[in-house]
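J.: Model the full structure from these sequences, guided by the hints.
If you want the building blocks of each chain, they are given just below.
Protein chains: 2
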Amino acid sequence: MTKESFRDAVIKTLEKRFFYTPSFKIYGRVAGFYDYGPPGVAVENNVLAFWRQHFVDEEDMLEVKGPCVTPEVVLKASGHVDKFTDLMVKDEKTGTCYRADHLLKDHCKDKLEKDVAISSEKAAELMHILAVLDDLSAEQLGAKIKEYAIVAPDTKNPLSDPYPFNLMFATSIGPTGMSSGYMRPETAQGIFADFKDLYYYNGNKLPFAAAQIGQAFRNEISPRQGLLRVREFTLAEIEHFVDPDDKSHPKYSEVSDLEFLMFPRKEQMEGQSAKIFRLGDAVSEGIVNNQTLAYFIGRVYLFLTRLGIDKKRLRFRQHRQDEMAHYAADCWDAEIESSYDWIECVGIADRSAYDLRAHSDKSGIPLVAQEKYAEPKEVEKLVIKPNMKELGPAFKGDQKLVIESLEAMDEKEAMEMKVILESKGEIEFEVCKLQKTVTIKKNMISIVEEKTKEHVRTFTPSVIEPSFGIGRIIYCLYEHSFYTRPSKDEEEQLNVFRFNPLVAPIKCAVFPLVQNDEYEKVAERISESLFAAGIKYKKDITGTSIGKKYARADELGVPFAVTVDTETSVTIRERDSKEQIRVNVDEVAKLVKKLSKGRTTWADISQKYPAHNTNLADCAKDLAVRMLTSP
Amino acid sequence: MTKESFRDAVIKTLEKRFFYTPSFKIYGRVAGFYDYGPPGVAVENNVLAFWRQHFVDEEDMLEVKGPCVTPEVVLKASGHVDKFTDLMVKDEKTGTCYRADHLLKDHCKDKLEKDVAISSEKAAELMHILAVLDDLSAEQLGAKIKEYAIVAPDTKNPLSDPYPFNLMFATSIGPTGMSSGYMRPETAQGIFADFKDLYYYNGNKLPFAAAQIGQAFRNEISPRQGLLRVREFTLAEIEHFVDPDDKSHPKYSEVSDLEFLMFPRKEQMEGQSAKIFRLGDAVSEGIVNNQTLAYFIGRVYLFLTRLGIDKKRLRFRQHRQDEMAHYAADCWDAEIESSYDWIECVGIADRSAYDLRAHSDKSGIPLVAQEKYAEPKEVEKLVIKPNMKELGPAFKGDQKLVIESLEAMDEKEAMEMKVILESKGEIEFEVCKLQKTVTIKKNMISIVEEKTKEHVRTFTPSVIEPSFGIGRIIYCLYEHSFYTRPSKDEEEQLNVFRFNPLVAPIKCAVFPLVQNDEYEKVAERISESLFAAGIKYKKDITGTSIGKKYARADELGVPFAVTVDTETSVTIRERDSKEQIRVNVDEVAKLVKKLSKGRTTWADISQKYPAHNTNLADCAKDLAVRMLTSP
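Chains A and B are the protein sequences, given in the same order.
Using UniProt numbering, the first residue of the first sequence is number 1, and each one after it goes up by one.
Using UniProt numbering, the first residue of the second sequence is number 1, and each one after it goes up by one.
One or more hints might be untrue.
Computed footprint of chain B on chain A; a stretch qualifies when at least three of its residues, placed anywhere within it, have a C-beta under 8 Å from a C-beta of chain B [what the hints assert, rightly or not]: (1) 30-41; (2) 129-142; (3) 197-205.
Calculated from the model, a selection of chain A residues having no Cβ within reach of chain B, i.e. all distances over 10 Å [as the list claims (entries may be wrong)]: (4) 73; (5) 147; (6) 190; (7) 313; (8) 524.
Note that these hints are calculated values from the structure, not bench results.
Just so it is clear, the structure is predicted and the values come from calculations on it, not from any experiment.
C-beta atoms are modelled at their ideal positions from N, C-alpha and C, and glycine is treated no differently.
T.: What follows is the structure, encoded as structure tokens:
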């Protein structure tokens, strides 16, 4: 089975059983939008509930929820307004837009696959382009598109030069049209803006983590790869605020012995592949920057594998220096292998103090933490003393804001100003809040070094951010859970999702073996007891054959199926082994609950209850069906 | 205490304990956006979990989840692009926008309250305006604003005439700027667009209900009333699809004996007030249109009161004929009384076949259900027979779409066409899919009555829609749960939320009586057992006095507080009665779990466990604290 035909089988099953469907289908579809149907919603709800339990509850995080609509100023501060772009080219005649890197990538791949006469030099060149694709500038991409004479794929028309397209959905807040906003591209910025409230809520203590689950938006140029690249998606993000001088983690020892596939930048640069590391070793060897970052890597590993992600197809890839933002201390992606190759599903980054500083600078509100020194500390400090007599007449009403801005300079900036004032006598100085530049003269301020006693240390916390693309994780889980097996008569392939009970949209199916009142009453009694136990079940009292009912349940990944074939005892079938045991009617709900909550295993249960021989039983059942349904 | 000072006390407590806060506060606020902090998120999660249990699980609904970004065509079909507007006036000099009805309302209220010399005629006129405010046209509003010489409240500048402002946040999908979209104003339209998939998923059977929880957006002109009128909010909507010829409900008898405040349109028109009805009587007397609508009214009543809404401050108000959409069969709002008056929190409408028909018409995809007749039915039917010889040459490539459109006419349209063709010989006919009008001549088609046998009945289902404004319900719940009581020394008023355990953000507080290692270890053991039992708890090991710790927990609405005062047994305190019982350490988690899940009551428990005399105990505790903390 090729990757593509495997993927087709998965997607066909998912769409057939309404795990998802393209949105607004009756109007012809709009790329990049999907609706989850009932099983898809149930899976997402299960994944999010487990996320909350595993992260928010176990780590005592502060969960917040903010709006999707975000004023421009917030995303200007974060850098999204200026930098959240992809490079785009336009069909010069029709105006159709394409992602420039996609076209170049397709061209290279196509050549490499189909051009048998390609020289080894040319092949190496194309391979190199594929490797550095993400790092090419607009000019470099444009040059390559010209060099290779790449044209619009649909029309063969010439293409424009690449230019940046901002990926945020723009909107306008309020009726005047004067207040720009965007649909948030991530949930993180809302958390940063709330830092002061969160810090206070946490008793002004570090470290702590805030978490947010919600929709995020990305106006992709031309979405491809189905559920993996969509225009609206569920993000679950954690911002862990920590003292930059102490990134140890109290629960680090709980994860340090974990062993799994890691792909440090050194191995990537040397052309090696990912290999298994003990997490603790990766920290002590300096591969992972710090304990807190490692702790989250370990917790993410546990989260994903407990959901059912295959650990052999999960790796943690470190960002190379050249792909990491300049401020980041270290960054790792949890990548999951799917039919579309390795897919980034969780990013775990130590973003240093960048985000809080950016919002402090833009808003003028210091987003800082404080730590009381055991003893007051004597420090030499550059102090800025405004000379009111000179400043007042020069700036009048703006005086206060100018002074505020002067006082907000850090040590380095003040030192530079001091040097320039002394040499040149004046300096141009930008006052953010006035949105203009003013001239500061030497006699307006004095910058002097003073000895003072400090009682508290004030600092900007570092942020360690694990960010989860929930839809991507779920899609990969679908692929890792899917398999086919022949039907009993081997005439067709049956589809199965081997979801574990934690994830399964429905935990238990209930059907009477044949349509009769007595069995249906028992099925109803069992359904009621499952409902009372809080177990999601599905009752099927249609006249379909028992084999078809099992197949339908398997396609939804239902782990257990109860068949009512007597009024006192019933069979429970496990989906993957197809083993059956016989259980008293009154015990069913308790047993299924235990299995669903992971308090017992099938292996354990199947020892304790009498097996129900499938083949023999099937014969007997078929016979019974024929007897009961024949006229 | 006035309404306003009560409201201030509630809001102050909510903001102080970070139930919520205005969003993006560090940038100055943007009206109509709020962030929920940890207790607010926990309350919302609890309310939504109970909603899912009470509606989706108990009624076996199909939960779906679609995107917030919605293409224009969908909201064109639903009527939102044309009609989802408020009337706005502009300050003619500054451009500041106001809701026209708000200004008129404020003017009338102000006059009535402050003008002591007002004539009784004038007063009656103003009262009448307040009563019909929602129904005034742009022209009527404009005339009144002119007549009363109302000016811009901030500047006293003259105002423009009122004109409609669409309340949807507009955006653009994809890079070309050619594809308009909006942030959805409700979640319902996504469900209607998925009707075919849902109907198929449900085995092509009616009735069934689909449900969706998600964000919705409304670009209010000038948001007021805090959490009650916001620009982004969580909606939970149900679309129950039912045969228009049979709106009975199998579980109707489960709610028909409920009695609660109802406010039918008759009582409203006659100036009476809401009164208590037995729901079953309201149906049999023809006040509520049908059983299914009544069933949902009853279920909504149970939902709200179980959350903790005061049933004396909850009423179901029927829409008057003149406020109801022309297609609606009946419509009731669950209104909750708050300090802002009666607030619409849930709308429960029988929208007939309107929505599905609107999307059928616009998309050309029939959104219908079918029912097999027991026996084939002989019917007379208008049949449209195209004459290919004439149609072909006339329409060439468009032929197929023209014929499709002709065949899609309903009986009435076809009859009209027949009449016109016979009298005039030709007719102008709009072909939606071609987006143009063509001329149909008499010889191109024949429209004849034929007897045929029909095996299935095809019909558009009716939709009964309960739609929940979750944020509004939660805000009203805050008000209904809030009270103050004097501190022990009566020096200050302490704030309490009497949340029931279902809703409470934290179920149990745990504190050692004094800071010492032994007690802290016990507190940790209890915390771990609470966590294992899945109970949200909060441990407080700060040095604050026990009284302050209780007060802090009361402000968060924590129903139970465990105080560790020995190493073997502890006290559990109930929030509202302040009663305490003594319980063994190992029993705490089990007991708190039972109380939280509603499996037992405090009254019951306090019989079984020894009471802990508060006053005596407090003295002893205070003494102990002093002894242990003095040097």
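J.: For every hint, state whether the structure bears it out.
T.: Against the structure, the hints come out as follows:
1. Using a Cβ-Cβ cut-off of 8 Å, 10 residues of the segment 30-41 of chain A lie near chain B, which meets the minimum of three, so the contact claim holds.
2. Coverage of the segment 129-142 of chain A by chain B is violated [criterion: at least 3 residues with CB-CB distance below 8 Å; count 0].
3. Counting residues of the segment 197-205 of chain A whose C-beta sits closer than 8 Å to any C-beta of chain B gives 5, which meets the bar of three, so the coverage hint holds.
4. Taking the minimum C-beta to C-beta distance to chain B, about 5 Å, the non-interface status of residue 73 of chain A is violated against the 10 Å cut.
5. Listed as outside the interface, residue 147 of chain A is consistent with that label: its C-beta sits roughly 24 Å from the nearest C-beta of chain B, beyond the 10 Å cut-off.
6. Not every Cβ of chain B is farther than 10 Å from the Cβ of residue 190 of chain A; the closest lies at roughly 6 Å, contradicting the non-interface assignment.
7. Interface exclusion of residue 313 of chain A from chain B stands, the closest Cβ pair being 27 Å apart, more than 10 Å.
8. Taking the minimum C-beta to C-beta distance to chain B, about 13 Å, the non-interface status of residue 524 of chain A holds against the 10 Å cut.
The structure shown violates the earlier hints numbered 2, 4 and 6.
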